[in-house]
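S.K.: Sequence:
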Amino acid sequence: MSGTWPCNGCGITNADRASCEACGTSSPTATAADLAQTALKDAAAARAAQVEEAARGNHQLADHLGNVVDAHLDDVLALRRLPSA
1085 MSGTWPCNGC GITNADRASC EACGTSSPTA TAADLAQTAL KDAAAARAAQ
1135 VEEAARGNHQ LADHLGNVVD AHLDDVLALR RLPSA
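Numbering (the working numbering), first residue to last: 1085 to 1169.
Treat the hints with care, as some may be off.
Stated by the list, open to error - Simulated crosslink set (EDC-like; lysine to aspartate or glutamate; CA at most 20 Å straight-line):
hint : residue 1 : residue 2
1    : Lys-1125  : Asp-1100
2    : Lys-1125  : Asp-1154
3    : Lys-1125  : Asp-1158
4    : Lys-1125  : Glu-1137
5    : Lys-1125  : Glu-1136
6    : Lys-1125  : Glu-1105
7    : Lys-1125  : Asp-1159
Note that these hints are calculated values from the structure, not bench results.
Nothing here was measured: the structure is a model prediction, and the numbers come from that model.
The whole structure should be built from the sequences, with the hints applied where relevant.
M.R.: Shown next as structure tokens:
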């Protein structure tokens, strides 16, 4: 998914994402594949933050970010199982 769109949920403008970065509302034109791609990007960002926090010695936050990564990857798997329309 490319381009920008204003979120109908919170009003912020999102670029190159299928769901709002602030509140998670899906773009009105997003497909399951678009949402899976966005969730994968979010998982990668959470993993990078996890590594950074672990390097800083903030292990409690790093552990939590591991759960965030897992949640995003669970979303990716679920979205990829949906039949395409």
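S.K.: Against each hint, give a clear statement of whether it holds in the structure.
M.R.: These are the hints, each one checked on the structure:
The straight-line distance between the Cα atoms of Lys-1125 and Asp-1100 is roughly 11 Å, inside the 20 Å bound, and the hint therefore holds. A distance of roughly 13 Å separates the Cα atoms of Lys-1125 and Asp-1154; the hinted pair therefore holds under the 20 Å criterion. In summary, the hint linking Lys-1125 to Asp-1158 is supported, as the alpha carbons are separated by about 13 Å, within the 20 Å threshold. A C-alpha spacing of about 18 Å is found between Lys-1125 and Glu-1137, which places the hinted pair at or below 20 Å, so the restraint holds.
At most 20 Å may separate the alpha-carbon atoms for a hinted pair to count; Lys-1125 and Glu-1136 meet this at roughly 17 Å. With a CA separation close to 11 Å, the supplied pair Lys-1125 and Glu-1105 stays within the 20 Å bound. Restraint check for Lys-1125 and Asp-1159: the C-alpha separation of about 12 Å stays at or below 20 Å, so the hint holds.
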